[in-house]
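Chains as they are written, first to last, in our numbering: chain L, 1 to 322; chain F, 1001 to 1268.
Treat the hints with caution; some may be incorrect.
[Claimed, not checked] Once the Cα atoms are required to be at most 25 Å apart in a straight line, the calculated DSS-like pairs of lysine-lysine come out as: (1) L/Lys164 with L/Lys245; (2) F/Lys1072 with L/Lys212; (3) L/Lys212 with F/Lys1237; (4) L/Lys212 with F/Lys1076; (5) L/Lys212 with F/Lys1235; (6) L/Lys23 with L/Lys10; (7) F/Lys1182 with F/Lys1209; (8) F/Lys1172 with L/Lys214; (9) F/Lys1182 with F/Lys1172; (10) F/Lys1062 with F/Lys1248; (11) F/Lys1248 with F/Lys1209; (12) F/Lys1087 with F/Lys1072; (13) F/Lys1209 with F/Lys1237; (14) F/Lys1136 with F/Lys1209; (15) F/Lys1248 with F/Lys1072; (16) F/Lys1136 with L/Lys214; (17) F/Lys1136 with F/Lys1107; (18) F/Lys1107 with F/Lys1181; (19) L/Lys10 with L/Lys301; (20) F/Lys1235 with L/Lys214.
[Unchecked claim] Anything over 12 Å on all C-beta distances counts as not near chain L; from chain F, calculated: (21) Val1009; (22) Gln1155; (23) Pro1196; (24) Asp1256.
These are computed hints drawn from the structure, not numbers from a lab. All of these numbers come straight from a predicted model, not from anything done at the bench. Cβ atoms here follow ideal geometry from the backbone N, Cα and C, with glycine treated the same way.
The lines below spell out each chain.
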Amino acid sequence: MRKESVPEEKLDLSVNLGGIMMKNPVAVASGTFGYGREYEDFVNIADIGAVIVKGTTLEPRYGNPAPRIVETPAGMLNAIGLENPGVEVFINEHLPYLCDRGVTVIANIAGNTIDEYARIASILEGKKGIAGIELNISCPNVKEGGLQFGVDPDMVYQVVKAVKAETSIAVMPKLSPNVSDIVAIARAAEAGGADALSMINTLMGMAVDVEKRKPVLGNIFGGLSGPAIKPVALRMIYQVYQAVKLPILGGGGILNCTDALEFILVGATAVSVGTGNFVNPSIARDLVEDIEKYLSAHGLKSLEELRGAATLTDVGSQTQGE
Amino acid sequence: MPALENGLVLRHIQVSRDMYELEFIAPGIAQECRPGQFIHIRSALENNPLLRRPLSLYDVDKKLGSITLLYKLVGKGTNLLSRIRPKEYVDAMGPLGRGFSLLAPRKTALLVGGGVGIAPLVYLARVLQCQGCNVKVIHGVENRLELVALPRLRQIGVEFVPATIDGSAGFKGLVTDLVVKKVSPHEIDFIYCCGPEPMMAKVSGFARKNNIAAEISLEEYMACGVGACLGCARKMKSSDDEYKKICKDGPVFSIDEVELLRNKKNDR
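Assemble the whole structure, with the sequences as input and the hints as a guide.
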């Protein structure tokens, strides 16, 4: 008997990340993918779940002195210093291009004051082609003596609230891991009206040049990313998933499908790849294919069946561990 | 268009104490290559080292579809790379960056390389020679055992003068002294230079003094290689506010664009 070829049912991997509609659950992280077009030769950028573009400030910024990056074990440090041409150039020169190509764009905004965040948000409001706004809250708050917005629950609450008041676009603060209580920060973001959470930003670190006897980075400190931070990211998402209702975009060192699934299992709705883009410029597409294969191989219809599954295990009281 | 390719390794040989030549088949990339561009190579499939390594095009055979890279062992990445054997694959991304501008036929080009900085100049020499330029190559090394490009340059058929610190071949002394003392500037239409920055600064000074146009190739820590991460930023002049990206705006720059650092510490 002739074997009938049954066309395999295409899995629907689309996700709704707090109002940000993604074709698939893999985004590329801000600062690692430019404005998308830099990677166009290597991957169809419209196929990516969401392209979170380079962080935008109100005015152009030149960025930090070189060297700005250094490789570290299973990771890298960066201190780019938010080099960017400012929000007007983003809207006029980059956004239309991405919009024409059908790219799902998430803007990433950064400010030195709450008012600056609010102003950028109001400028973005109503602009065609922005699916969401990610808030970089790892910036120093100039008015509060340079303390980062993201380390203080009250400041997180205020900045999210101020941005929400200016825009109807979904707002997703990107939480800094450099805090003692990530749950308190997540709750503050939720109370401020956030639609989703992005987790995690880089961990503050440094590297030293023993020949020059000084820090490697021009900025001394930089943000650690890559596989080295994955366990920290997973732990924080695990905690936050159980404490707040917001969908989470999870990332930190994702290099392959197993990594991505770990994030889904601790509660992430979607994942973001950052440093992994430097290793494999088509990683976002490859991850989606591999996730599909995993689901098919395990007879699963959607990621929904996996989401948060690892948080259901009763492990008794969770301690800080040794 | 640059591409990602898994290149089948044809040849991988140690050519000096700490330098290797790696030839692999990557037809898609090879067709696109221009002298001065680089290939971003992943040296390990594991996480350490994580990032790709930018390596200059040393030679390209477009008919065969092969790319040859010359690299020096400097750390973990190049060490792991050196273990890849023929018939294995290298994960290559490229060609990336802005290459050298090509001199018009019948003009005379002087190519000055320092150490492993000879790498991008060999493919340049081939292309310039092929299009009918007069090509003179000067290579400065510690001793004659490091004159790794000699057979290839002979095969290309360009004029070649070595400078060795120990005097074991050619001019005895620094390559920059050879340039300043022995080169007749009126015979040269264009200078291309790649090597340690203080050496390139000296060669640039010679070019400027004699009103010869020149291009140099810069290095910097790199992550993405395509202008996305803004990691390999550098101010072209100390008075500039803005930064250029070595990977995308370079690695080749005209000496009029960039202020080179004369001191060895290379601080910026």
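Hint-by-hint comparison with the structure:
As the CA atoms of L/Lys164 and L/Lys245 are separated by approximately 18 Å, the hinted pair is consistent with the 25 Å bound. Only pairs whose Cα atoms come within 25 Å are accepted, and F/Lys1072 paired with L/Lys212 is accepted, the gap being roughly 22 Å. Under the criterion of a C-alpha separation no larger than 25 Å, the hint pairing L/Lys212 with F/Lys1237 is consistent with the structure, at around 23 Å. Proposed proximity of L/Lys212 and F/Lys1076 is supported: the alpha carbons are some 20 Å apart, at most 25 Å.
Taken as a hint, the L/Lys212 and F/Lys1235 pair is honoured in the structure, with Cα atoms around 21 Å apart against an allowance of 25 Å. Restraint check: the Cα-Cα separation between L/Lys23 and L/Lys10 comes to about 13 Å, which is no more than 25 Å; the hinted pair holds. For a cut-off of 25 Å, the pair hint linking F/Lys1182 to F/Lys1209 stands: about 15 Å separates their Cα positions. Proposed proximity of F/Lys1172 and L/Lys214 is contradicted: the alpha carbons are some 36 Å apart, above 25 Å.
Restraint check for F/Lys1182 and F/Lys1172: satisfied, since their Cα atoms lie roughly 12 Å apart, inside the 25 Å limit. About 23 Å separates the Cα atoms of F/Lys1062 and F/Lys1248, which keeps this hinted pair within 25 Å; it holds. At most 25 Å may separate the alpha-carbon atoms for a hinted pair to count; F/Lys1248 and F/Lys1209 exceed this at roughly 29 Å. Distance check on the hinted pair: F/Lys1087 and F/Lys1072 sit about 22 Å apart at the alpha-carbon level, within 25 Å; holds.
Straight-line distance between C-alpha atoms of F/Lys1209 and F/Lys1237 comes to about 19 Å, which keeps the hinted pair within the 25 Å bound. For the hint pairing F/Lys1136 with F/Lys1209, the CA-to-CA distance comes to about 20 Å; that is within 25 Å, so the pair holds. Of the supplied pair hints, the one linking F/Lys1248 and F/Lys1072 holds, its CA atoms being roughly 23 Å apart against a limit of 25 Å. A C-alpha spacing of about 41 Å is found between F/Lys1136 and L/Lys214, which places the hinted pair above 25 Å, so the restraint is violated.
Taking the CA atoms of F/Lys1136 and F/Lys1107, the gap is about 11 Å. The hint holds against a cut of 25 Å. With a C-alpha separation of about 22 Å, the suggested pair F/Lys1107 and F/Lys1181 falls inside the 25 Å cut-off, and the hint holds. Using a Cα cut-off of 25 Å, the hinted pair L/Lys10 and L/Lys301 holds, with the two alpha carbons roughly 10 Å apart. For a cut-off of 25 Å, the pair hint linking F/Lys1235 to L/Lys214 stands: about 20 Å separates their Cα positions.
No beta-carbon of chain L is positioned within 12 Å of the beta-carbon of F/Val1009; the least distance is around 19 Å. With a closest Cβ-Cβ approach of about 32 Å to chain L, F/Gln1155 is found to remain outside the 12 Å limit, as its non-interface label requires. Residue-level check passed: F/Pro1196 sits 15 Å from the nearest beta carbon of chain L, beyond 12 Å. Every beta carbon of chain L lies more than 12 Å from that of F/Asp1256, the smallest distance being close to 21 Å; the non-interface claim holds.
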